[in-house]
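> Here is what each chain is made of, one letter per residue.
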Amino acid sequence: MASHRLRLGDLAERLGLGLEGDPDAVVSGVSGIEDATADDLVHVRSEVYARRLGECPARAVVAPAGVDVGARSALRSVDPGRDFYRAARIFVPEPMAAAGVHASAVVADDARIDPSAHVGAGCAVGSGAEVGPRSVLHPGVVLYDGARIGADCVLHARVVVAAGSVLGDRVVLQPGVVIGGSGFGYTGAEGGGLAKVPDVGRVWIGDDVEIGANSTIDRGTLRDTRIGAGTKIDNLVQIGHNCVLGERCVVVAQAGIAGSTVFGDGAVVMAQAGVTGHLRIGANAFIGPQAGVHRNLAEGERVIGTPQRTPREWRSESAALKRLPELLRRVRRLERAREDEAE
Amino acid sequence: MASHRLRLGDLAERLGLGLEGDPDAVVSGVSGIEDATADDLVHVRSEVYARRLGECPARAVVAPAGVDVGARSALRSVDPGRDFYRAARIFVPEPMAAAGVHASAVVADDARIDPSAHVGAGCAVGSGAEVGPRSVLHPGVVLYDGARIGADCVLHARVVVAAGSVLGDRVVLQPGVVIGGSGFGYTGAEGGGLAKVPDVGRVWIGDDVEIGANSTIDRGTLRDTRIGAGTKIDNLVQIGHNCVLGERCVVVAQAGIAGSTVFGDGAVVMAQAGVTGHLRIGANAFIGPQAGVHRNLAEGERVIGTPQRTPREWRSESAALKRLPELLRRVRRLERAREDEAE
Amino acid sequence: MASHRLRLGDLAERLGLGLEGDPDAVVSGVSGIEDATADDLVHVRSEVYARRLGECPARAVVAPAGVDVGARSALRSVDPGRDFYRAARIFVPEPMAAAGVHASAVVADDARIDPSAHVGAGCAVGSGAEVGPRSVLHPGVVLYDGARIGADCVLHARVVVAAGSVLGDRVVLQPGVVIGGSGFGYTGAEGGGLAKVPDVGRVWIGDDVEIGANSTIDRGTLRDTRIGAGTKIDNLVQIGHNCVLGERCVVVAQAGIAGSTVFGDGAVVMAQAGVTGHLRIGANAFIGPQAGVHRNLAEGERVIGTPQRTPREWRSESAALKRLPELLRRVRRLERAREDEAE
Numbered sequence: 001m002a003s004h005r006l007r008l009g010d011l012a013e014r015l016g017l018g019l020e021g022d023p024d025a026v027v028s029g030v031s032g033i034e035d036a037t038a039d040d041l042v043h044v045r046s047e048v049y050a051r052r053l054g055e056c057p058a059r060a061v062v063a064p065a066g067v068d069v070g071a072r073s074a075l076r077s078v079d080p081g082r083d084f085y086r087a088a089r090i091f092v093p094e095p096m097a098a099a100g101v102h103a104s105a106v107v108a109d110d111a112r113i114d115p116s117a118h119v120g121a122g123c124a125v126g127s128g129a130e131v132g133p134r135s136v137l138h139p140g141v142v143l144y145d146g147a148r149i150g151a152d153c154v155l156h157a158r159v160v161v162a163a164g165s166v167l168g169d170r171v172v173l174q175p176g177v178v179i180g181g182s183g184f185g186y187t188g189a190e191g192g193g194l195a196k197v198p199d200v201g202r203v204w205i206g207d208d209v210e211i212g213a214n215s216t217i218d219r220g221t222l223r224d225t226r227i228g229a230g231t232k233i234d235n236l237v238q239i240g241h242n243c244v245l246g247e248r249c250v251v252v253a254q255a256g257i258a259g260s261t262v263f264g265d266g267a268v269v270m271a272q273a274g275v276t277g278h279l280r281i282g283a284n285a286f287i288g289p290q291a292g293v294h295r296n297l298a299e300g301e302r303v304i305g306t307p308q309r310t311p312r313e314w315r316s317e318s319a320a321l322k323r324l325p326e327l328l329r330r331v332r333r334l335e336r337a338r339e340d341e342a343e
Numbered sequence: 001m002a003s004h005r006l007r008l009g010d011l012a013e014r015l016g017l018g019l020e021g022d023p024d025a026v027v028s029g030v031s032g033i034e035d036a037t038a039d040d041l042v043h044v045r046s047e048v049y050a051r052r053l054g055e056c057p058a059r060a061v062v063a064p065a066g067v068d069v070g071a072r073s074a075l076r077s078v079d080p081g082r083d084f085y086r087a088a089r090i091f092v093p094e095p096m097a098a099a100g101v102h103a104s105a106v107v108a109d110d111a112r113i114d115p116s117a118h119v120g121a122g123c124a125v126g127s128g129a130e131v132g133p134r135s136v137l138h139p140g141v142v143l144y145d146g147a148r149i150g151a152d153c154v155l156h157a158r159v160v161v162a163a164g165s166v167l168g169d170r171v172v173l174q175p176g177v178v179i180g181g182s183g184f185g186y187t188g189a190e191g192g193g194l195a196k197v198p199d200v201g202r203v204w205i206g207d208d209v210e211i212g213a214n215s216t217i218d219r220g221t222l223r224d225t226r227i228g229a230g231t232k233i234d235n236l237v238q239i240g241h242n243c244v245l246g247e248r249c250v251v252v253a254q255a256g257i258a259g260s261t262v263f264g265d266g267a268v269v270m271a272q273a274g275v276t277g278h279l280r281i282g283a284n285a286f287i288g289p290q291a292g293v294h295r296n297l298a299e300g301e302r303v304i305g306t307p308q309r310t311p312r313e314w315r316s317e318s319a320a321l322k323r324l325p326e327l328l329r330r331v332r333r334l335e336r337a338r339e340d341e342a343e
Numbered sequence: 001m002a003s004h005r006l007r008l009g010d011l012a013e014r015l016g017l018g019l020e021g022d023p024d025a026v027v028s029g030v031s032g033i034e035d036a037t038a039d040d041l042v043h044v045r046s047e048v049y050a051r052r053l054g055e056c057p058a059r060a061v062v063a064p065a066g067v068d069v070g071a072r073s074a075l076r077s078v079d080p081g082r083d084f085y086r087a088a089r090i091f092v093p094e095p096m097a098a099a100g101v102h103a104s105a106v107v108a109d110d111a112r113i114d115p116s117a118h119v120g121a122g123c124a125v126g127s128g129a130e131v132g133p134r135s136v137l138h139p140g141v142v143l144y145d146g147a148r149i150g151a152d153c154v155l156h157a158r159v160v161v162a163a164g165s166v167l168g169d170r171v172v173l174q175p176g177v178v179i180g181g182s183g184f185g186y187t188g189a190e191g192g193g194l195a196k197v198p199d200v201g202r203v204w205i206g207d208d209v210e211i212g213a214n215s216t217i218d219r220g221t222l223r224d225t226r227i228g229a230g231t232k233i234d235n236l237v238q239i240g241h242n243c244v245l246g247e248r249c250v251v252v253a254q255a256g257i258a259g260s261t262v263f264g265d266g267a268v269v270m271a272q273a274g275v276t277g278h279l280r281i282g283a284n285a286f287i288g289p290q291a292g293v294h295r296n297l298a299e300g301e302r303v304i305g306t307p308q309r310t311p312r313e314w315r316s317e318s319a320a321l322k323r324l325p326e327l328l329r330r331v332r333r334l335e336r337a338r339e340d341e342a343e
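Protein sequence lines, in the order shown, are assigned to chains A, B and C. Residue 162 in this note's numbering sits at position 162 of the first sequence, with consecutive numbering throughout. Residue 42 in this note's numbering sits at position 42 of the second sequence, with consecutive numbering throughout. Residue 127 in this note's numbering sits at position 127 of the third sequence, with consecutive numbering throughout.
It is possible that some hints are incorrect.
Identical chains blur together in the list; that is why a pair holds if it fits in one copy or across any two.
[Unchecked claim] No farther apart than 20 Å at their CA atoms in a straight line, the calculated lysine to any residue pairs in the SDA-like style are these:
{"#": "1", "residue 1": "K322", "residue 2": "E301"}
{"#": "2", "residue 1": "K322", "residue 2": "R295"}
{"#": "3", "residue 1": "K322", "residue 2": "T310"}
{"#": "4", "residue 1": "K196", "residue 2": "D265"}
{"#": "5", "residue 1": "K196", "residue 2": "G259"}
{"#": "6", "residue 1": "K196", "residue 2": "V172"}
{"#": "7", "residue 1": "K322", "residue 2": "A108"}
{"#": "8", "residue 1": "K196", "residue 2": "D39"}
{"#": "9", "residue 1": "K196", "residue 2": "D169"}
{"#": "10", "residue 1": "K196", "residue 2": "R134"}
{"#": "11", "residue 1": "K196", "residue 2": "G150"}
{"#": "12", "residue 1": "K322", "residue 2": "R309"}
{"#": "13", "residue 1": "K196", "residue 2": "D207"}
{"#": "14", "residue 1": "K196", "residue 2": "S260"}
{"#": "15", "residue 1": "K196", "residue 2": "R170"}
The hints are simulated quantities; they were obtained by calculation from the structure and are not laboratory data. Since this is a predicted model, take the numbers as computed values, not measurements.
Take the sequences, apply the hints, and build the full model.
Here is the structure:
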């Protein structure tokens, strides 16, 4: 997937990497090993991965020092994955959106849009809302009254940010994300049935947070729902009202966190896991895929299964469970033997 | 989070509550106990909760009669939660949307929009669609042909209501909800493969229903999919085609209900639970989080786990499961002992 | 739900079916047996189903040859389900959208929209994007730069197709679908934290694929994420980056597939199941509801449970699990008996 043509010498310089090979050779794209053409740059993380190069026609490889890449040129790196993806960003640059507000966007008179920001076709920006420098609103984004977007954010198509929510800098929201929907909180109504608890709180999102397509983060009831800086959230994730996620947490696709649960920094929630409300999850805790967490977790604690148990317990129980039908028969046999003796 | 300033005497009168304390004291917002300032109103549900007041500087508390709130003024209530949130609604009123159709909205000539309704920027309203008195369509809402919205509804940004769906009064749809997507129904096609079953049915939604962000309710095949009055549905929930939910049901985030299942009134489905198709779930049944329900449930029946079992069985089995690896060893020991004897 | 009035003789001819009964009788809609009026067409799949006809007033029935439908007229069919739904499509035709681009849509100068295509109100079509013959974009659809839509596709309201994604012919996307969101891939950043892996790959979708409301398909990292022809995906499904689904696969609501997993043709993933990344799932494999798949599956292999096991094992273990608390007591009793003997 070529886009530019770059001399290897120039590429090495831009990435700050040492080059072994021909500085005048040209590469024009990045690729996985199995799909590469001669013009592609590929990467290997170690000697073991380098064996996969085989007949790969790629002219150049990002590789750790000392790893044999055959007749190819090598860009030497202590972190080939990172540097390969830095190169990818050079070949396939993030599309730039021109500064300015599209004629079809509807922006309230008292909204403040930085002149360097981009507001795309059909966006709606409410009263008192703010969009910071260089931030991009793709088509169809809706900012309710008072929503505040920091600098260098990217809000993809059809993102909704509800009233009063606050985003830091460099926040990326994939298409369809809903920030600040009303929490699922009800009290008894006077005539019976349920009355909605009004939301006084907002959603507060730190710097460098990224949230995947169609995920939903509910606004807080009395305090803010908070997502700490550097936290990454995948697609179709639900974060309930009043939750507080620490910094650099990871929440994988379709996981759900019920209201008022608090996560320390660096906690990880794997795909389709569920965490009940009003819990405290320690820093760097790890919740496995499809787990159901019903109690607080200590710092660094690792759990899986429903209800949660240690990965070791879970594996041991899962293995034992397979032998359970047979165990039933074995116990019955022992009982019969005893009965026979007793006669 | 102050917004108004109100005399306690006036607030007590508006809420219809008895006041013990200074009617001329002023409060200007609501808060949880831990975040309160002197100007905030807080609430406690009982004597036990009142102990948490500690050094809380709040000037006034909604509390049951007789519960000691220290030197603070007390608004006496038989239901402090409900009355506190009624007060919150006074301090943080629901934003009002001006009547009228935004110039950027596209409304079919034969659609009927009540003059008191609000149709926001970029909405699209199809042929024959109707929007009732005082209903609000936030920016980007799409009503397909013939969709009918009752009175006092709120459709948040980017809601889609497909052809012919019918909403009652006071229905609230959070951003991104899809009402009336096509059901997942296929029959064999003539040349092999799958042919879509056309949807003749619609979605019918009763009064006072609320549905959370990015949830999806499929339209019926031959009959309508129906959501009974007063039912509350959380975010990212899937309701399959032909389902019938009774009145005042509760469906929590990321739960899914397969096609043609019928729920009695007051049934509860907790987060991430799944219910297979063509079942009958009795009134006031309770389905625990992450449960997988594969059979009909009786009125009031409570289940959890996959496949469903009683909460008591589930807890007992979960506890026993932890001892299973050890049990395997114990049975092996008994067998060895027998073998030794037999020799 | 009447829409047309058709003579049975004409209907039989249009469907290519034999008619037993009155060719001049008129039907005006389709219905399930329990809701039918005299003017409705109903269907029965077999003799067993025909017993449900009872007092059903419907004038005409699609039924297999030889099945007794009482005094009603019969359209004889070898596949009554399929032919009934073909008849439904005649009574309730797919609404036609007029060719042309709505005045409120924003289309890049160099986008290519076939003159027979429909681009609805408020759509945004980026630079270099293409929309093929007779394809329909409902209101609010966003095509990023270079997105390519084939012929006879239907993109429902608020669908987003990200940069460079390619759709075949007759693809149907329900409201809110996000094609080509960024994958959940990170590498270590230079200053610590996580740096986003850029997406060079796209999403490629084959002919006759259908995707349900608010589902998300991430774009590939270096290669394309691919969805094979004829595959049907339900609502709120997540497909991770670099996944390859074969032809005619079925993925039911709220299922999730992690990155880089490859499915053979005809594989089925039931509701709320999860499949971890980098696996190979054989053709025609079947993954039961709520399953958690952690290993490769062979062709035609059937699994359920977490971690995956055979349906037979799963049922047998689930049944045995119910007896586990009692088993613990029985083993304790055997042990006590031995201890007593040993004394």
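> Just pull the numbers of the violated hints for me, sorted ascending.
Violated: hints 7, 8.
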